[in-house]
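Enquirer: Just so you know, the working numbering puts -4 at position 6 of the sequence shown, and the rest follows in order with no gaps.
You may find that some hints are simply not true.
[As the list claims (entries may be wrong)] Keeping only pairs whose Cα atoms sit at most 20 Å apart, straight-line, the calculated DMTMM-like set for lysine to aspartate or glutamate is:
1. Lys52 to Asp18
2. Lys52 to Asp79
3. Lys52 to Glu72
4. Lys156 to Asp133
5. Lys52 to Asp124
6. Lys52 to Glu65
7. Lys146 to Glu65
8. Lys154 to Asp112
9. Lys52 to Glu36
10. Lys146 to Glu136
11. Lys130 to Asp112
12. Lys156 to Glu36
13. Lys146 to Glu134
What the hints contain is simulated information worked out from the structure, not anything from laboratory work.
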Amino acid sequence: MTGLSEEVLRATADRLIAAHQEASRSNDWLFFVDELYARDCIYTCEYAGVMNVTANGIDEIKATHYGRDMQVGWEGWTFPYEGVYVGSDNRLITHWLNRGPGLRPDGSHYQTPGISFITVNDQARICRQFDMFDLAHQMKLCDELEDAGLLSPRLKELWVIPMKEKLERQLANNR
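Put together the whole structure using the sequences plus the hints.
Expert: Dropping the structure here:
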């Protein structure tokens, strides 16, 4: 793999950020996958050791992470980026937020941080992505949103309750 310039790597990150901004607005999380990801990309998202979603290739990415997982009540959420860090060997690190709808009474956002470790190929397409965020804090955030009347019932049913059950089983099995 040829080392891409910092400018090319930042431009790749900027395209991803712009796509996520549009997806947050439109709730269409599939339109950019073919353009930004390599056909054989491996996309992994760890969910606190209770679930690992690994998609091999863009068809699986569209069926799992950006398809099934983003279609369960995330409307109204945004995923703004806090920073992009360019490393060596065509690697990027992006720091982003899971930002829920509405504002807290103090005017701050309902949000938790996340991070992605991204590798791009010689064509400046994402060929490997590994996402991490703190699932326990995400569950707490969803509880806050529910208390404020801002949590989608669909998100609660299809994602929050199953994830809490998985976390509880994991903790009970490790006593």
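Enquirer: Going straight from one Cα to the other, do Lys52 and Asp79 come out at no more than 20 Å?
Expert: With Cα atoms ~26 Å apart, Lys52 and Asp79 exceed 20 Å; violated.
Enquirer: Are the Cα positions of Lys52 and Asp124 separated by 20 Å at most?
Expert: Given that 20 Å is the threshold and the Cα spacing comes to 23 Å, the pair is violated.
Enquirer: Straight-line Cα separation of Lys52 and Glu72 no greater than 20 Å?
Expert: violated, 25 Å
Enquirer: Are the Cα positions of Lys130 and Asp112 separated by 20 Å at most?
Expert: violated, 40 Å
Enquirer: With the threshold set at 20 Å, check whether the alpha-carbon distance from Lys156 to Glu36 stays at or below it.
Expert: With Cα atoms ~13 Å apart, Lys156 and Glu36 stay inside 20 Å; holds.
Enquirer: Lys154 and Asp112: Cα distance at most 20 Å?
Expert: violated, 40 Å
Enquirer: Taking only the CA atoms, is the gap from Lys52 to Glu36 under or equal to 20 Å?
Expert: holds, 17 Å
Enquirer: Please work out if Lys156 and Asp133 have their alpha carbons no farther apart than 20 Å.
Expert: This hinted pair holds, its Cα atoms lying about 16 Å apart.
Enquirer: Would you mind confirming whether the straight-line C-alpha gap from Lys146 to Glu134 stays at or under 20 Å?
Expert: holds, 12 Å
Enquirer: Between Lys146 and Glu65, does the CA-CA distance stay at or below 20 Å?
Expert: The hint holds at about 12 Å.
Enquirer: For the pair supplied as a hint, Lys52 and Glu65, is the alpha-carbon distance within the 20 Å limit?
Expert: holds, 17 Å
Enquirer: For the pair supplied as a hint, Lys146 and Glu136, is the alpha-carbon distance within the 20 Å limit?
Expert: The given pair, whose Cα atoms are some 9 Å apart, holds under the 20 Å limit.
In terms of the numbered hints stated before, the structure departs from hints 2, 3, 5, 8 and 11, listed from lowest to highest.
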